[in-house]
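Chemist: One-letter residues, chain by chain:
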Amino acid sequence: GQQVMQIPQYQHVQEGEDFTTYCNSSTTLSNIQWYKQRPGGHPVFLIQLVKSGEVKKQKRLTFQFGEAKKNSSLHITATQTTDVGTYFCADNSGGSNYKLTFGKGTLLTVNP
Amino acid sequence: SQTIHQWPATLVQPVGSPLSLECTVEGTSNPNLYWYRQAAGRGLQLLFYSVGIGQISSEVPQNLSASRPQDRQFILSSKKLLLSDSGFYLCAWNSQGRATQYFGPGTRLLVL
Chain Y
1 GQQVMQIPQY
11 QHVQEGEDFT
21 TYCNSSTTLS
31 NIQWYKQRPG
41 GHPVFLIQLV
51 KSGEVKKQKR
61 LTFQFGEAKK
71 NSSLHITATQ
81 TTDVGTYFCA
91 DNSGGSNYKL
101 TFGKGTLLTV
111 NP
Chain H
1 SQTIHQWPAT
11 LVQPVGSPLS
21 LECTVEGTSN
31 PNLYWYRQAA
41 GRGLQLLFYS
51 VGIGQISSEV
61 PQNLSASRPQ
71 DRQFILSSKK
81 LLLSDSGFYL
91 CAWNSQGRAT
101 QYFGPGTRLL
111 VL
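Residue numbers (the working numbering), protein chains in the order written: chain Y, 1 to 112; chain H, 1 to 112.
No wet-lab data here; the hints were simulated from the structure.
The structure displayed is predicted, hence computed values, not measured ones.
Don't take every hint at face value.
[Unchecked claim] Taking beta-carbon pairs under 10 Å as the criterion, some of the chain H residues facing chain Y (in silico): (1) G54; (2) N94; (3) G106.
The beta-carbon is built from N, C-alpha and C at its ideal position, and this holds for glycine as well.
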């Protein structure tokens with residue numbers, strides 16, 4: 001089945017620095033979703049990208065879908081301690097059940 | 001509004017004992033339901049999904065089974081737990097025709 005590779009696995013930043021996580025696939029993605037899981041919590045949906053080259057923003061978060069729909073990125077500007085958590089990308093494998101294939105996630109820690 | 005419940009929140013079980021984790025969804029009908037396992041510091045592994053009552057698809061061979069006795073109830077079971085069954089078990093749902101998944105609070109299982 002479709003696999004999505006996510007890098008880096010871990011990222012530690014100083015508060016105020018920027019952060020980016022990348023999601024890559026060898027095949028074309030149907031669409032890409034991003035989730036955030038706070039430490040000890042459960043994944044929470046952030047956004048879905050559908051169109052080639054799409055860029056969406058949520059405050060300090062910028063989500064991008066590649067032109068070839070084989071990669072995606074999440075960029076956080078000026079990180080805050082509240083950004084701590086694991087960020088997952090997920091590909092909709094398609095079909096009527098909309099099963100998702102998750103990347104392994106990027107754990108972000110922020111030093112205040 | 002829709003709500004997803006999981007219980008228990010935490011569970012410590014001896015090796016060889018049975019397991020029953022329950023997940024219920026409120027405020028929606030005919031959802032797709034999913035069971036994931038997350039080992040410490042790792043990604044999300046899809047275990048089972050269900051598109052309707054009595055319909056279960058297994059993603060990986062394992063020591064666990066799932067059942068859906070009612071439209072909004074999803075149960076994860078085992079007859080004899082193994083040490084490797086320890087982890088964070090997450091239930092999720094989405095609407096038919098929608099890819100976004102909504103996760104429950106999870107059950108932390110420790111098998112000793």
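Chemist: The structure should be examined with respect to each hint, and the outcome stated for every one.
Modeler: Here is what the structure says about each hint:
{"no.": "1", "hint": "G54", "verdict": "violated, 15 Å"}
{"no.": "2", "hint": "N94", "verdict": "holds, 6 Å"}
{"no.": "3", "hint": "G106", "verdict": "holds, 5 Å"}
Hint compliance for this structure: hint 1 alone is broken.
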